[in-house]
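Protein chains in written order, with the numbering used here: chain V, 41 to 154; chain Z, -15 to 98.
Read the hints as simulated data drawn from the structure, not as lab findings.
A portion of the hints provided could be inaccurate.
Said to hold, decoys possible - Computed list of lysine-lysine pairs in DSS-like fashion (alpha-carbon distance at most 25 Å, straight line):
#, chain 1, residue 1, chain 2, residue 2
1, Z, Lys36, Z, Lys25
2, V, Lys89, V, Lys101
3, Z, Lys36, Z, Lys24
4, Z, Lys3, V, Lys89
5, Z, Lys2, V, Lys89
6, V, Lys109, V, Lys98
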Amino acid sequence: AQSVSQHNHHVILSEAASLELGCNYSYGGTVNLFWYVQYPGQHLQLLLKYFSGDPLVKGIKGFEAEFIKSKFSFNLRKPSVQWSDTAEYFCAVNASGGSYIPTFGRGTSLIVHP
Amino acid sequence: ETGVTQTPRHLVMGMTNKKSLKCEQHLGHNAMYWYKQSAKKPLELMFVYNFKEQTENNSVPSRFSPECPNSSHLFLHLHTLQPEDSALYLCASSQDEAGGYEQYFGPGTRLTVT
């Protein structure tokens, strides 16, 4: 069974700072990878996903993530955060061609100060 | 709006009550999920239905009883709950079990057990 680890539980940044949230997974096979975001009082929604191809994936709102297979990582990045990026961020992984049920990390709470 | 609706949005119930949570998806998906989201804990998968058949029961106590009458509707029947069951209950749907499909989440039902 796969597992997902998000190292940073709480991150506090000022506007315009750069962001990188760590996500590592443990699974020996081919995986599909996701980042979801939950803004305060709103539903969980997909930020970006990786299935295959270019390991650098671009998502909504200027976010991107890079899949590094050798490191079992899928870190989320944004060069310049905004106050509106304050939210909870969840990394998730499922086994490609296997169970469609994703495993979620425990989430990272991001607070951006204006 | 994600195409997944949940009612009610808030529910307060006593430990001896019986209530039901409802989820409806308008996306033509075939898989539906119930999750429990508690503060400071990872997202907990409870049940999965694919083509109306339950394919996953993640060791959930019997005081939670799911029902999936068709691919568009999912219910979670609650009875004799405990205060520790207070949480945000999220419904999600995805295309299919072929793997790799992202999930679409509803806004959740905030449940308080008194």
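Quiz item: Failing hints, ascending?
Solution: 1, 3, 4, 5
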